[in-house]
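**Q** If you want the building blocks of each chain, they are given just below.
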Amino acid sequence: MDTYDAAGSSEHPLLGRLIKLGLFLLVQGVAVMLIGSIALLVSFASAWSATTEQAGLLQPGDARSGTLLLKQEDGYAEAIRLGIDVDITVSGPTLRARVTQVFRNPTRDWVEATYVYPLATGGAVDTLKMVVGDRVIVGDIKERQQARVIYEEARRTGRKAALTEQERPNIFTNSVANIGPGETVLVQIEYQEPVHQSGNEYSLRLPLVVGPRYNPAPIVQSVDFRRDGSGWGATNSDPVPDRDRISPPVLDPAKNAPVNPTSITVRLKAGFALGEVKSHHHRVKIENPDSTTRIVTLADGAVPADRDFELTWKPAAEKAPSVGLFREHVGDADYLLAFVTPPSAEQATQKPLPREVVFVIDNSGSMGGTSMEQAKASLLYALGRLQPNDRFNVIRFDDTMDVLFSTSVPADPPHLGEALGFVNGLQARGGTEMVPAMRAALTDRLGDTNMVRQVVFLTDGAIGNEQQLFETITAMRGRSRVFMVGIGSAPNTHLMTRAAELGRGAFTHIGSVEQVEERMRSLFAKLENPAVTGLTAKFSEAKADVTPAIIPDVYRDEPLVLAARLDKLAGSLEIKGRVGDRPWSLTLPLQGAAEGKGLSKLWARRKIGDAEVARTMRELTPEDADKAILALALDHQIVTRFTSLVAVDKTPSRPEGEPLKLSELPINLPAGWDFAKVFGERPHAPAQLRERRADARDQPAARRPTPAAPDAIRLPKTATPAGLKMIAGLILIVLALILFVFNRRRPLLTDAA
Amino acid sequence: MPRLVPPLVLAIVGLILFGDGAYIHAKAWLAQILLARAFERSVAAGEPVKPWSWADTWPVARIEVKRIGARAIVLAGTSGQSLAFGPGHLDETVDAGERGVAVYAAHRDTHFRFLRNVIIGDVIEITRRDGRLFRYRADASSVVRFDNSEIVAATPDVELVLTTCWPFDAMVSGPERYILHATLIHPGG
Chain A
1 MDTYDAAGSS EHPLLGRLIK LGLFLLVQGV AVMLIGSIAL LVSFASAWSA
51 TTEQAGLLQP GDARSGTLLL KQEDGYAEAI RLGIDVDITV SGPTLRARVT
101 QVFRNPTRDW VEATYVYPLA TGGAVDTLKM VVGDRVIVGD IKERQQARVI
151 YEEARRTGRK AALTEQERPN IFTNSVANIG PGETVLVQIE YQEPVHQSGN
201 EYSLRLPLVV GPRYNPAPIV QSVDFRRDGS GWGATNSDPV PDRDRISPPV
251 LDPAKNAPVN PTSITVRLKA GFALGEVKSH HHRVKIENPD STTRIVTLAD
301 GAVPADRDFE LTWKPAAEKA PSVGLFREHV GDADYLLAFV TPPSAEQATQ
351 KPLPREVVFV IDNSGSMGGT SMEQAKASLL YALGRLQPND RFNVIRFDDT
401 MDVLFSTSVP ADPPHLGEAL GFVNGLQARG GTEMVPAMRA ALTDRLGDTN
451 MVRQVVFLTD GAIGNEQQLF ETITAMRGRS RVFMVGIGSA PNTHLMTRAA
501 ELGRGAFTHI GSVEQVEERM RSLFAKLENP AVTGLTAKFS EAKADVTPAI
551 IPDVYRDEPL VLAARLDKLA GSLEIKGRVG DRPWSLTLPL QGAAEGKGLS
601 KLWARRKIGD AEVARTMREL TPEDADKAIL ALALDHQIVT RFTSLVAVDK
651 TPSRPEGEPL KLSELPINLP AGWDFAKVFG ERPHAPAQLR ERRADARDQP
701 AARRPTPAAP DAIRLPKTAT PAGLKMIAGL ILIVLALILF VFNRRRPLLT
751 DAA
Chain B
1 MPRLVPPLVL AIVGLILFGD GAYIHAKAWL AQILLARAFE RSVAAGEPVK
51 PWSWADTWPV ARIEVKRIGA RAIVLAGTSG QSLAFGPGHL DETVDAGERG
101 VAVYAAHRDT HFRFLRNVII GDVIEITRRD GRLFRYRADA SSVVRFDNSE
151 IVAATPDVEL VLTTCWPFDA MVSGPERYIL HATLIHPGG
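Each protein sequence line maps, in turn, to chains A and B.
Heads up, the first sequence is in this note's numbering, so the first residue is 1 and it goes up one at a time.
Heads up, the second sequence is in this note's numbering, so the first residue is 1 and it goes up one at a time.
Please keep in mind that the hints were generated in silico from the structure rather than gathered at the bench.
Every residue gets a Cβ at the ideal spot worked out from N, C-alpha and C, and that includes glycine.
Treat the hints with care, since some could be wrong.
[Unchecked claim] Covered stretches of chain B, going by a simulated chain A footprint (3 or more residues, C-beta under 8 Å):
hint, region
1, 44-50
2, 121-128
[Unchecked claim] One side of the interface only, derived from the structure: several residues of chain A facing chain B at Cβ under 7 Å:
hint, residue
3, Gly92
4, Arg104
5, Pro106
6, Met401
7, Pro716
8, Thr718
9, Leu724
10, Ala728
11, Leu730
12, Phe740
13, Asn743
Take these sequences, add in the hints, and give me the full structure.
**A** The following block contains the structure:
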């Protein structure tokens, strides 16, 4: 071939090449045109029908941006997805919340999912529903062990089941068994909760994430001797025996987009004309259908479950009603809920007693980020409020502890200066050993009974051994009063309320630096003004079971909240006490009570709280307290330590032999927390970490440019290089043709010459 | 003769490029014909039928927009190879007709070229492999970044998203995606 070609070309150089080139071009051209034209015809056919109407289809404003996603590469795309919808209806003094968790299984396996989530501390969970397809399965309340057995049985036999268990009064676990490949199961729980009131302001708090807890290592062992008196026993070594149950996996926000998108709707029917309604940590849209009603929804749609939702509302009138009385008839009993705000003592008649204040500040790793800033700002504000004749001390703790002064010192400029320097220098790191710090704070070295002794404890409460702290307060409180300041985006509200209750003090929440001054001012109003003391409640005719059994002192602007179970709704309720040094009393005729909802559940929930307190204070033996709690829970159908809700589908869905995988749903790190400070440094931290999702109001600069809606889907690449290639190809062909024609002319010209 | 070499090389490269581009369209077109057959057999047989013996994917649904006469067979998964043959169903999203968001993606210059002509209010019909038909109404469109899709998978409603690259007429692929959102029209609703 080569030789023939060579011979041919030597004979007819130009012609031979031209023929070859022409043939090649022809064959290629025909082939390409054939494929190309068919493809073009098909694919561009619809383009010809394109009209201008699509201009109206897309406007710049439509192009919303901002979403975050789970990384597909690291396997999370293959995990169970969770969406949460919370619907709260506030009716006067109580609220009912419906929390819907949408569990979706995108994997090819049968999955059992568990999700650890927080609920409001005072909430009574009484309803569980599981929705599978169009079927709704309503759960029953059962003793915890029994519910577990029912659930495990359903899980084994391939039937769908949901189980709601309480881990702490504010931490619950939902388990859902046998979610099929590609299936979605809805789990809905409902709870009843009283509305919180402070002065002129009403509020609700919806926690959305359980902050990772510090669980102290078992160092000191206690011993449980056997009851038979044989002298043999087992060491009970772990301060947090259920640490596994309250420690779900936490996603590192630098490596993962937020998960668990949550939408929230609040239907606020206050029962009085509303003034300001405000969400403190989320942007919301507020509709007002009428003067007493508001409908609050999140302005940004779904948000990641990474901080508490806090809503406050005020009456349009100058002063909130100082008395509220509500009743409900359930079974053969009447339930009563009373709110009474005692008058505040006039300042002038009271000479404030000098105080000894011990400030305790938590600088553990969980406080890292914005929480530490809030805690410092709060403490600096508090130091500024001290009077010259007050005495004070400052304690800081993580897994170590420093007491600034050996005993409390006068609040004079040199000492205050030293304290300011100490506080400013604090850095968040390490574990959270809260018990020794509380013990040190409660140690009354001065013993000066002419002074009021107060402990102000600033923490996020991220510990798993709450019970140890409660026992410390009970054992050591003496004449000290404990005021809790809950710091950060997701504080442990159960710890705050119970510690303040046991410590006969009050508590407040600070979720952002903006709230520091307002909240600390109102806390100091409580610290500085005498409480209403010696309170008693008496019903004139009805036989009543009142909770709290021993009414605590009430601080300034706080209402006294009483719940009671009555045999008949008759006569009146008389409340007596002392405001400062003057006696005070109030009589409420029961006929004036308005119809309320779910009051029996609230009464039962508070009775259960009372029993827990009595157990901690050793007023009841653990066995008696537990028995009382169980009876109340079963009577009133609410979830407690000893009772769970369980729902089981009758028909099996997972074929026998198909394996079931367990998926513990991950949670977000609460907003503003520092992952590294809680969980230690990452082994291979990338040089350029993405910004942490911090509270926008605290650190605007730390916020990502695009706001986040979570759990979104990464879209694949959907453009082919076809158009580019075809156009480039065409250009090259045209270029070649031009060159060819140009080349062909030149030899002709030279021949002619 | 050496002066003929440059135009020859140019022509060959040009033809190869053009052919390559045309091949993408040809493949997309041919595959849809094979897929349509396989899909009909799938519906009839009630189990996945592969469109050709060496295929690593199978048809899962048919998208149809009657107003503009557009239809396409959707494949399982959205790997680069399967997208060459037809729109892909994002594995991590639900099937059409289920509670949640079903997301289908396809190339803007082949199978989802018709997406630019779909307007809000159009009825999008999805036939699943099991033969069940679901009607959705297009109710929103937006342009997002591929990693900020705003699609929340866990929703209590039955929703559909068709997505392709944006802008429609761009020559190179970018980070922006066009999203057409539709919600199930309830029977009788």
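**Q** If you take the shortest Cβ to Cβ gap from arginine 104 of chain A to chain B, is it below 7 Å?
**A** Status holds, d = 5 Å.
**Q** Quick check on the hint: proline 106 of chain A CB to chain B CB, less than 7 Å?
**A** 4 Å, holds
**Q** Does the interface hint hold: is leucine 724 of chain A within less than 7 Å of chain B, judged Cβ to Cβ?
**A** 5 Å, holds
**Q** Next item in the hint list is alanine 728 of chain A. Is there a CB on chain B closer than 7 Å to its CB?
**A** 5 Å, holds
**Q** Does leucine 730 of chain A pass the interface hint, meaning its C-beta sits closer than 7 Å to a C-beta of chain B?
**A** OK, holds: leucine 730 of chain A within 7 Å of chain B, min 6 Å.
**Q** Should the hint that glycine 92 of chain A touches chain B count as held when the rule is a Cβ pair under 7 Å?
**A** Status violated, d = 29 Å.
**Q** Okay, the region 44-50 of chain B and chain A, do three or more residues pass the C-beta test at under 8 Å?
**A** Answer violated; 0 residues pass the 8 Å Cβ test.
**Q** Checking hints one by one. Is phenylalanine 740 of chain A an interface residue toward chain B, by the C-beta closer than 7 Å rule?
**A** Holds, because the Cβ-Cβ distance from phenylalanine 740 of chain A to chain B comes to roughly 4 Å (cut-off 7 Å).
**Q** Grab the minimum C-beta distance from methionine 401 of chain A to chain B and call the hint holds if it beats 7 Å, violated otherwise.
**A** 44 Å, violated
**Q** Using the nearest Cβ pair, does threonine 718 of chain A come within less than 7 Å of chain B?
**A** Result: holds, 4 Å to nearest chain B Cβ.
**Q** Go check the region 121-128 of chain B versus chain A for me, would you? Three or more residues, Cβ under 8 Å, otherwise it fails.
**A** That given contact is violated, which follows from only 0 residues of the region 121-128 of chain B lying within Cβ reach (below 8 Å) of chain A.
**Q** Taking the closest Cβ pair, is proline 716 of chain A under 7 Å from chain B?
**A** For proline 716 of chain A, the interface hint holds, since the closest Cβ of chain B sits about 4 Å away, which is under 7 Å.
In the structure shown, a violation is registered for the earlier hints numbered 1, 2, 3, 6, in ascending order.
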